[in-house]
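*Asks:* One-letter residues, chain by chain:
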Amino acid sequence: MRLSRRAVCLLLAVALLLVVGGILPVIGANKITIKFFSNLPDRTAGQGRLEQLLIDNYMKANPHVQIEVEALQDEPYKQKFRVYTAGNQLPDIFMVWGQPAFFDPIMKGGYAAELNWDDYKDYGFFDGALDGFSMNGKLYGLARNTDLMVLYYNERLFKEHGVKVPTTYDELIEAIRAFRKAGIAPIAHNGRDCWALNILYQDLVTKVSGDPTLMYQALAGKVKFAENKHFLAAAEELKKLIDLGAFQDSFIAADYGAARNLFGQELAAMYYMGSWETGLANDENFSASFRNNVSVTAFPGMTGTGKGKSTDLMGWFGGGYAVSAKSPVKAEAIKLLNYIMAPENWAKNAWQLGLVIPGQRYDQFLTGKENRLQLQLSEIINKATSFSGTPWNDAATPGFKVDSETIIQEFAAGMRSPQDFLRACDQAAQKARQ
Amino acid sequence: MGDNMHYFRENKKTIFLLVAPGFAFFLMAVLFPIGLSVYYALTDWSGIGGFNYIGFRNFQRVLQDRIFWHSLKNAATLALMTITIQHPIAFLFAVLIDRLGGKLEKVFKTIFFIPCVIPVMVTSKMWVNIYNSQYGLLNKVLELIGLGFLKQQWLGDPKIVLYSLVLIMMWQGFGWAVLIYYAGVKSLPEEVFEAAKIDGANRCQTLFRITIPLMQPVIAVNVIWAVISSLKQMETIYLTTNGGPGNASQFLANYLYIKAFDAYEFAYGNAISVFFVVVCLLTTVVLNRLLTRKEYY
Chain A
1 MRLSRRAVCL
11 LLAVALLLVV
21 GGILPVIGAN
31 KITIKFFSNL
41 PDRTAGQGRL
51 EQLLIDNYMK
61 ANPHVQIEVE
71 ALQDEPYKQK
81 FRVYTAGNQL
91 PDIFMVWGQP
101 AFFDPIMKGG
111 YAAELNWDDY
121 KDYGFFDGAL
131 DGFSMNGKLY
141 GLARNTDLMV
151 LYYNERLFKE
161 HGVKVPTTYD
171 ELIEAIRAFR
181 KAGIAPIAHN
191 GRDCWALNIL
201 YQDLVTKVSG
211 DPTLMYQALA
221 GKVKFAENKH
231 FLAAAEELKK
241 LIDLGAFQDS
251 FIAADYGAAR
261 NLFGQELAAM
271 YYMGSWETGL
281 ANDENFSASF
291 RNNVSVTAFP
301 GMTGTGKGKS
311 TDLMGWFGGG
321 YAVSAKSPVK
331 AEAIKLLNYI
341 MAPENWAKNA
351 WQLGLVIPGQ
361 RYDQFLTGKE
371 NRLQLQLSEI
381 INKATSFSGT
391 PWNDAATPGF
401 KVDSETIIQE
411 FAAGMRSPQD
421 FLRACDQAAQ
431 KARQ
Chain B
1 MGDNMHYFRE
11 NKKTIFLLVA
21 PGFAFFLMAV
31 LFPIGLSVYY
41 ALTDWSGIGG
51 FNYIGFRNFQ
61 RVLQDRIFWH
71 SLKNAATLAL
81 MTITIQHPIA
91 FLFAVLIDRL
101 GGKLEKVFKT
111 IFFIPCVIPV
121 MVTSKMWVNI
131 YNSQYGLLNK
141 VLELIGLGFL
151 KQQWLGDPKI
161 VLYSLVLIMM
171 WQGFGWAVLI
181 YYAGVKSLPE
191 EVFEAAKIDG
201 ANRCQTLFRI
211 TIPLMQPVIA
221 VNVIWAVISS
231 LKQMETIYLT
241 TNGGPGNASQ
251 FLANYLYIKA
261 FDAYEFAYGN
271 AISVFFVVVC
281 LLTTVVLNRL
291 LTRKEYY
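First to last, the sequence lines map onto chains A and B.
Quick note on numbering: the first sequence equals residues 1 to 434 in my numbering.
Quick note on numbering: the second sequence equals residues 1 to 297 in my numbering.
Calculated directly from the structure, the hints in this document are not laboratory data.
Quantities reported herein were computed from a predicted structural model and do not represent experimental measurements.
Some hints here could point you the wrong way.
[Claimed, not checked] Quick list of the computed label-pair ranges, beta carbon to beta carbon: (1) B:Val285 with A:Lys78: 36 to 44 angstroms; (2) A:Gln79 with B:Asn52: 24 to 32 angstroms; (3) B:Gly50 with A:Val8: 52 to 60 angstroms; (4) B:Glu191 with A:Gln79: 54 to 62 angstroms; (5) A:Lys78 with B:Ile85: 31 to 39 angstroms; (6) A:Glu70 with B:Ile118: 21 to 29 angstroms; (7) A:Glu284 with B:Val122: 22 to 30 angstroms; (8) A:Arg423 with B:Ile85: 35 to 43 angstroms; (9) A:Ala45 with B:Ile118: 28 to 36 angstroms; (10) B:Phe26 with A:Thr33: 32 to 40 angstroms; (11) A:Lys78 with B:Pro33: 17 to 25 angstroms; (12) B:Val285 with A:Lys229: 53 to 61 angstroms.
[As the list claims (entries may be wrong)] Straight-line alpha carbon distances no greater than 16 angstroms define the calculated EDC-like cross-link-like pairs of lysine to aspartate or glutamate that follow: (13) A:Lys229 with A:Asp211; (14) A:Lys60 with A:Asp420; (15) A:Lys159 with A:Glu266; (16) A:Lys431 with B:Asp65; (17) A:Lys348 with A:Glu370; (18) A:Lys31 with A:Glu332; (19) B:Lys125 with A:Asp255; (20) A:Lys239 with A:Asp420; (21) A:Lys80 with A:Glu70; (22) A:Lys31 with A:Glu68; (23) A:Lys326 with A:Glu114; (24) A:Lys181 with A:Asp243; (25) B:Lys109 with B:Asp98; (26) B:Lys151 with A:Asp249; (27) A:Lys309 with A:Asp170; (28) B:Lys140 with A:Asp249; (29) A:Lys78 with B:Asp262; (30) A:Lys80 with B:Asp262; (31) A:Lys330 with A:Glu114; (32) A:Lys431 with B:Asp44; (33) A:Lys335 with A:Asp56.
[Claimed, not checked] Sample of chain B residues lacking proximity to chain A, with all beta carbon distances greater than 10 angstroms (derived): (34) Gln60; (35) Leu96; (36) Leu100; (37) Glu105; (38) Ile118; (39) Glu143; (40) Gly146.
Using N, Cα and C, we set each Cβ at its ideal position, and we do this for glycine too.
If we strip away everything but chain A, and leave its shape as in the complex, we get (with noise of 0.2 angstroms):
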């Protein structure tokens, strides 16, 4: 049988396709490609730019190992992780909140990775710092950092106006009457977003009651919202404060990035945040006179009819990390979560620029070359006699955070009077029980 030159050159073309299919994804079978989804937009500055360089680091350790990462803020965060969810396609290793509102439907719905208790047992981790990210004894997830409540202040602008620094309750709301006076926002913050106000409202529940757990009583239904004074007193004193002028005008409309800018650009003399925003020392984005002004102290207690001490603390553990069930690479995932969480890798360098406060142990990271912001921060922290646990809106089912969130915003827009308010709540938490 005689072929034809063309027949030949066609039978080779095909034989050099098939060894090269053949021989291509047996090279490529060692490179694996891990998916990454942050949080964390920027990755150039803090806390994006530490992740972006375990991440390299990672990469040149292990050379076989690709690492996408896909990030976005908050907001689209969620909102893609969702649709991630819906869809049943969750990148390899992504970004969790501990918490119930968020995490739990991950956790029961079978999609993050078991993790081995056992890997963490040197890791230094915080009492409950896991607590948020484990169900049924079983570990899903690692926290990045604790998170407090706080209450950032403008040295300079209490100096100008001669303004106490307030460390009791009655001081705050002088500094605030003496600020409104003097046409400064006294503080700014974030009503748009509506967590900052429930977190506010469960500082004032703490401050009034002198009980850090009274919150989860009535989200568990022991105790009614509408049917106990204390819940009463603080609503009253969150209306008061409104009242008052101490948030900046509109602030119901202000989201995240708005309340921040006008304390950063000296325009409120102070800002209730939390202690991620230690960076603020070192934001570029803000003039020096800011940035060597501003300082930190816990949210003040009450005196005479409060019983909360200015040590009880809201404080949790927020952000970390887990691993998809699903990931066809789940192993190396892993692996690469237990590099990034290592004490030595995200603790550390979290703490030594600056960043967070991490949620392991980081005394033995010390420097002294600490930023102020810092240095409080960890004051307020080792004065601790209480810390809350998770802000009662992520406490319970997705629904109830939407829930809690709205009516809070309802009620500090005027929407709705305090006994409104206590009531909503009480419905709102009996939705989420059944």
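Please arrange chain B on chain A, whose structure you already have, making use of the hints.
*Replies:* Just chain B, lined up with the frame of chain A:
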């Protein structure tokens, strides 16, 4: 040739083949998703994990949901204000631009259309800043011209937030309204106007007796379009207030999104979306009937 055409029209197979691609697309892009929505609305699916069939409970809940009705009322307010405020002004400007002629006609046409080509994201954020109580342009200008007493918390006050948003949305859609009316005015036959001129009709008479009646079909299209886009409104709301304070400025599309994706009540979100489709369809049918009937007068 005539026989061929006849055969072609009569052949049902051919008709089916010609219609099939379009119908298949309609089936895939419209009917199938709606069907799927109805299916999910009959369950208690949270969006993740398993689910159970629960009958019409979600639909009953929608009917009793005060935020659903409030959102619908907000859409009706927006539609009403668009039709009674934005449209007459847009119509007037369309007629005026047409009369300008020459280069100026093009210049003004472009100016009015600028807000429509800027992404909604940008214009919404711009308005959030204009409305800002601390440094916003609006309050500053009011103070500057001695109207300081009119200063408001434009997006923070539940009593006025809807109207502040309506203004943004009317501004954003103004160019479209002008453009459609302008196209309508341009297509009117010159002879009728010349005849009216010869008969001694003045400008006002020409406008009310000739221009507006002749523009009836264009007005109908523009009104239906305004109502439907009011019902569908989502982007501006999401980017400015997210329906707040509370649900004071809530709209249906944004509300169903919050229910489906924030509250993990995916099935309930689907029930709202089914009602949403029904409301949009009914409105279109009713408006079509009302507005086309007028054409015969």
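*Asks:* Determine for every hint whether it applies to the structure shown.
*Replies:* Going through the hints against the structure:
1. Taken as a hint, the range 36 to 44 angstroms holds for the pair Val285 of chain B and Lys78 of chain A, whose Cβ atoms sit roughly 38 angstroms apart.
2. Between Gln79 of chain A and Asn52 of chain B the CB atoms are about 26 angstroms apart, so this pair conforms to the stated range of 24 to 32 angstroms.
3. The hinted range of 52 to 60 angstroms is satisfied by Gly50 of chain B and Val8 of chain A, whose Cβ atoms lie roughly 59 angstroms apart.
4. At about 57 angstroms, the CB distance of Glu191 of chain B to Gln79 of chain A agrees with the hint of 54 to 62 angstroms.
5. Lys78 of chain A and Ile85 of chain B have their C-beta atoms about 37 angstroms apart, which keeps the hinted 31 to 39 angstroms range intact.
6. The given range of 21 to 29 angstroms is respected by Glu70 of chain A and Ile118 of chain B, whose C-beta atoms sit roughly 28 angstroms from each other.
7. The given range of 22 to 30 angstroms is respected by Glu284 of chain A and Val122 of chain B, whose C-beta atoms sit roughly 25 angstroms from each other.
8. Arg423 of chain A and Ile85 of chain B have their C-beta atoms about 39 angstroms apart, which keeps the hinted 35 to 43 angstroms range intact.
9. Between Ala45 of chain A and Ile118 of chain B the CB atoms are about 29 angstroms apart, so this pair conforms to the stated range of 28 to 36 angstroms.
10. Checked against the hint of 32 to 40 angstroms, the C-beta distance between Phe26 of chain B and Thr33 of chain A comes to roughly 39 angstroms, which is consistent with it.
11. Checked against the hint of 17 to 25 angstroms, the C-beta distance between Lys78 of chain A and Pro33 of chain B comes to roughly 24 angstroms, which is consistent with it.
12. Distance hint check for Val285 of chain B and Lys229 of chain A: the Cβ-Cβ separation is about 56 angstroms, which falls inside the suggested range of 53 to 61 angstroms.
13. At roughly 13 angstroms between alpha-carbon atoms, Lys229 of chain A and Asp211 of chain A fall within 16 angstroms of each other, so this suggested pair holds.
14. Of the supplied pair hints, the one linking Lys60 of chain A and Asp420 of chain A is violated, its CA atoms being roughly 58 angstroms apart against a limit of 16 angstroms.
15. Taken as a hint, the Lys159 of chain A and Glu266 of chain A pair is honoured in the structure, with Cα atoms around 13 angstroms apart against an allowance of 16 angstroms.
16. Of the supplied pair hints, the one linking Lys431 of chain A and Asp65 of chain B holds, its CA atoms being roughly 15 angstroms apart against a limit of 16 angstroms.
17. Taking the CA atoms of Lys348 of chain A and Glu370 of chain A, the gap is near 12 angstroms; set against the 16 angstroms cutoff, the hint holds.
18. For the proposed pair Lys31 of chain A and Glu332 of chain A, the alpha carbon gap of about 11 angstroms is at most 16 angstroms, so the pair holds.
19. With a C-alpha separation of about 11 angstroms, the suggested pairing of Lys125 of chain B with Asp255 of chain A holds against the 16 angstroms cut-off.
20. Between Lys239 of chain A and Asp420 of chain A the alpha-carbon distance is near 13 angstroms, which keeps this suggested pair within the 16 angstroms criterion.
21. With a C-alpha separation of about 11 angstroms, the suggested pairing of Lys80 of chain A with Glu70 of chain A holds against the 16 angstroms cut-off.
22. About 13 angstroms separates the Cα atoms of Lys31 of chain A and Glu68 of chain A, which keeps this hinted pair within 16 angstroms; it holds.
23. The straight-line distance between the Cα atoms of Lys326 of chain A and Glu114 of chain A is roughly 11 angstroms, inside the 16 angstroms bound, and the hint therefore holds.
24. Between the alpha carbons of Lys181 of chain A and Asp243 of chain A the distance comes to roughly 14 angstroms, so the proposed pair stays at or under 16 angstroms and holds.
25. Our distance criterion of 16 angstroms between C-alpha atoms is met by Lys109 of chain B and Asp98 of chain B, whose separation comes to about 9 angstroms.
26. About 11 angstroms separates the Cα atoms of Lys151 of chain B and Asp249 of chain A, which keeps this hinted pair within 16 angstroms; it holds.
27. The straight-line distance between the Cα atoms of Lys309 of chain A and Asp170 of chain A is roughly 13 angstroms, inside the 16 angstroms bound, and the hint therefore holds.
28. Proposed proximity of Lys140 of chain B and Asp249 of chain A is supported: the alpha carbons are some 14 angstroms apart, at most 16 angstroms.
29. Between Lys78 of chain A and Asp262 of chain B the alpha-carbon distance is near 8 angstroms, which keeps this suggested pair within the 16 angstroms criterion.
30. Pair hint Lys80 of chain A plus Asp262 of chain B holds up; C-alpha atoms about 11 angstroms apart against a cutoff of 16 angstroms.
31. Proximity of Lys330 of chain A to Glu114 of chain A is assessed by CA-CA distance (about 10 angstroms); at most 16 angstroms being required, the pair is judged to hold.
32. The hinted pair formed by Lys431 of chain A and Asp44 of chain B meets the criterion: a straight-line CA distance of about 15 angstroms does not exceed 16 angstroms.
33. At roughly 14 angstroms between alpha-carbon atoms, Lys335 of chain A and Asp56 of chain A fall within 16 angstroms of each other, so this suggested pair holds.
34. Against the 10 angstroms criterion, Gln60 of chain B stays outside the reach of chain A, whose nearest CB is about 16 angstroms from its own CB.
35. For Leu96 of chain B, the condition that its CB be more than 10 angstroms from all CB atoms of chain A holds, with the nearest at approximately 36 angstroms.
36. Every C-beta of chain A lies more than 10 angstroms from that of Leu100 of chain B, the closest at about 39 angstroms, which supports listing it as non-interface.
37. A cut-off of 10 angstroms between C-beta atoms confirms that Glu105 of chain B is not in contact with chain A; the least separation is 40 angstroms.
38. No beta-carbon of chain A comes within 10 angstroms of the beta-carbon of Ile118 of chain B; the shortest separation is about 21 angstroms.
39. No beta-carbon of chain A is positioned within 10 angstroms of the beta-carbon of Glu143 of chain B; the least distance is around 13 angstroms.
40. The Cβ of Gly146 of chain B lies farther than 10 angstroms from every Cβ of chain A, with a closest approach of about 19 angstroms, so its non-interface assignment holds.
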